[in-house]
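Chains as they are written, first to last, in the numbering used here: chain A, 249 to 508; chain B, 249 to 508.
Derived by calculation from the structure, the hints in this document are not laboratory data.
There may be inaccurate statements among the hints.
Any copy, or any two copies together, can satisfy a pair, since identical chains are not distinguished.
The calculated lysine-lysine pairs, modelled on DSSO-like cross-linking and capped at a C-alpha distance of 30 Å, are [to be verified]:
| # | residue 1 | residue 2 |
| --- | --- | --- |
| 1 | K505 | K430 |
| 2 | K253 | K410 |
| 3 | K503 | K303 |
| 4 | K450 | K253 |
| 5 | K253 | K309 |
| 6 | K439 | K505 |
| 7 | K318 | K443 |
| 8 | K410 | K448 |
| 9 | K410 | K443 |
| 10 | K410 | K303 |
| 11 | K503 | K450 |
| 12 | K410 | K503 |
| 13 | K430 | K503 |
| 14 | K309 | K503 |
| 15 | K505 | K303 |
| 16 | K503 | K253 |
| 17 | K303 | K430 |
| 18 | K303 | K318 |
| 19 | K318 | K410 |
| 20 | K318 | K430 |
| 21 | K253 | K318 |
| 22 | K430 | K309 |
| 23 | K430 | K410 |
| 24 | K450 | K309 |
There are 2 protein chains.
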Amino acid sequence: MVLEKNDRLILLTNDDGLYAAGLRTLLEVIEEFGKVVMISTMESQSGMSQALTVKTPLRVKLIEETETRKVYTCNGTPTDSVKLAVNQLLERMPDLVVSGINHGANASVSILYSGTMAAALEGCLYGITSVGFSLNSFSPAADFSVCREYVRTVMRILINEKLPPGVCLNVNIPATTAEEIKGIRVCRQSKGNWKEEFEKRKDPMGRTYYWLTGFFQNHEPDSTDTDEWALANNYVSVVPVTVDMTAHWYLSELKDKFSE
Amino acid sequence: MVLEKNDRLILLTNDDGLYAAGLRTLLEVIEEFGKVVMISTMESQSGMSQALTVKTPLRVKLIEETETRKVYTCNGTPTDSVKLAVNQLLERMPDLVVSGINHGANASVSILYSGTMAAALEGCLYGITSVGFSLNSFSPAADFSVCREYVRTVMRILINEKLPPGVCLNVNIPATTAEEIKGIRVCRQSKGNWKEEFEKRKDPMGRTYYWLTGFFQNHEPDSTDTDEWALANNYVSVVPVTVDMTAHWYLSELKDKFSE
């Protein structure tokens, strides 16, 4: 891959592993928009959030190169992957960081645990226009074809419009047919949490172990301006996400508590 | 440890390992405020962010019990630890989740990578009053004694005042003497990012590997209302942190872009 001066350079990653159907779908679509450097772990890394690898050395391997793409594997997290690509692998800063398409939604507070969205946030921290895509289905057999049209729409907007510093997009797509999707809703992150139900088991030696399981609870099912509502009603949700986690609206009240 | 009806129950965790000086200091101080269940990995888990363990079974061991504390180890992340404690180990919901004292500051965007703050955010997602403490020194020999007074001040406020749903506190303490600390500043997360400088090395087989290194860049060194400014000027910083990552202020502008 030779990068010409006017080429658009897109960095692609995700957390479902190199051969995940969602990542492969996204690769095909974004190649319509520029030259692509893709970096991914071989295996899935779900739920890694913005984790960094600090105790083991990172290794990278170029495994495929064509005129329009370079594909690397690495042994790090999605966040490591973006850091490595930006600092060691790319000849210049990418024009876009694109992450996904994740197997499973990253709406509401799932963004806090999501490796997909962490990669987008990482791009955003470097000042690069960044977006994460997810499909609302954990099924390994999920059909990602419905996503193509919406990825294109979002990509066209991101190419023509600048996001503010510290803001990236979290796009979740309903797992249904193209006919049933009603359109795109720009909305906010729903209030909610994961209700855990650990499975407690015994290993063959009689020792207890736990598997994390759980289900999501939407705390505001009647609010129509949230990502959870959008997904439940067959809209593609687009949430502008900020790296600034300050509860600005609460600052002055908290100051009062500390000054009493 | 017998938990009486009127006992205050505090869940304590961190990401620097069971014998980290910061965790041990925090244990001593918060035992003044209630009965403590502490859960930690044996080894440090720095930079794990809000990562979840979904591919390996979680194991837990009770390793110490007195009249006022129970100490567990587990093999999961700080977020796993809070989930396990709340769902499997505690006889009732804790009154507080306290995380720290971290070896190294978690100011500005470091919160996104921080296991310490992820544990506090996890408590917050369960609706529990939660706080993370960090000392601005990565030194293994760091002196945590200066933190005691400020941990007490914050604990007293958290016990008497309710935080809003979805908000927890990120407290960073300068690594200096008690005399030099000028007080507490309630402030916001500074804009900044980590500038990476991977170290590229060769292993004995001649294969390349990378170590993540880097330094923090404060993008607004002249703003006096940020956590970075507070720390640099010997104030304890207290930032109210929200689990809602929506850029609310940008919603209407983004809607316009998608409706054109």
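Hint by hint, here is what the structure shows:
Taking the shortest alpha-carbon separations for K505 and K430, only the inter-copy value of 18 Å comes in at or below 30 Å, while the best intra-copy value is 46 Å. Proximity of K253 and K410 under a CA criterion of 30 Å is satisfied intra-copy only: 20 Å inside one chain copy versus 56 Å between copies. In this homomeric assembly, K503 and K303 never come within 30 Å of each other (Cα to Cα): the closest approach is 38 Å inside a single copy and 43 Å across copies. Proximity of K450 and K253 under a CA criterion of 30 Å is satisfied in neither setting, with 59 Å inside one chain copy and 32 Å between copies.
Proximity of K253 and K309 under a CA criterion of 30 Å is satisfied intra-copy only: 25 Å inside one chain copy versus 58 Å between copies. Taking CA atoms no more than 30 Å apart as the test, K439 paired with K505 passes in both settings, with 25 Å inside one copy and 25 Å between copies. For the identical chains of this complex, K318 and K443 are inter-copy neighbours only, at 24 Å across copies versus 40 Å inside a copy, given an alpha-carbon limit of 30 Å. Within a single copy, K410 and K448 get their C-alpha atoms no closer than 48 Å, and across copies no closer than 34 Å, so neither meets the 30 Å cut-off.
Taking the shortest alpha-carbon separations for K410 and K443, only the inter-copy value of 23 Å comes in at or below 30 Å, while the best intra-copy value is 37 Å. In this assembly of identical chains, the alpha carbons of K410 and K303 never lie at most 30 Å apart, being 37 Å within a copy and 38 Å across copies at closest. For a Cα distance limit of 30 Å, the shortest separation of K503 from K450 qualifies neither inside one copy, at 50 Å, nor across copies, at 51 Å. In the homo-oligomer, the alpha carbons of K410 and K503 lie at most 30 Å apart only across protomers (14 Å), although the nearest pairing inside one protomer, at 35 Å, exceeds that limit.
Proximity of K430 to K503 under the C-alpha cut-off of 30 Å is restricted to the inter-copy arrangement: shortest distance 16 Å between copies versus 45 Å within a copy. Taking the shortest Cα distances, K309 and K503 never come within 30 Å of each other, neither inside one copy (51 Å) nor across copies (40 Å). Taking identical chains as interchangeable, the C-alpha atoms of K505 and K303 are never at most 30 Å apart, the minima being 40 Å within one chain and 43 Å between chains. Taking the closest pair of Cα atoms, K503 and K253 never come within 30 Å of each other, the shortest separation being 51 Å inside a single copy and 32 Å across copies.
In this assembly of identical chains, the alpha carbons of K303 and K430 never lie at most 30 Å apart, being 46 Å within a copy and 36 Å across copies at closest. Taking identical chains as interchangeable, the C-alpha atoms of K303 and K318 lie at most 30 Å apart whether they share a chain (27 Å) or sit on different chains (29 Å). Taking identical chains as interchangeable, the C-alpha atoms of K318 and K410 lie at most 30 Å apart only when both belong to the same chain, with a minimum of 26 Å there against 52 Å between chains. In the homo-oligomer, the alpha carbons of K318 and K430 never lie at most 30 Å apart, since the shortest distance is 35 Å inside one protomer and 53 Å across protomers.
Taking the closest pair of Cα atoms, K253 and K318 come within 30 Å of each other only inside a single copy of the chain (17 Å); across copies the shortest separation is 62 Å, beyond that limit. In this assembly of identical chains, K430 and K309 lie within 30 Å of each other by CA distance neither inside one copy nor across copies; the values are 41 Å within and 50 Å between. For a Cα distance limit of 30 Å, the shortest separation of K430 from K410 inside one copy, 26 Å, qualifies, whereas the shortest one across copies, 41 Å, does not. Taking the shortest alpha-carbon separations for K450 and K309, only the inter-copy value of 14 Å comes in at or below 30 Å, while the best intra-copy value is 39 Å.
Going through the hint list in order, the structure does not satisfy hints 3, 4, 8, 10, 11, 14, 15, 16, 17, 20, 22.
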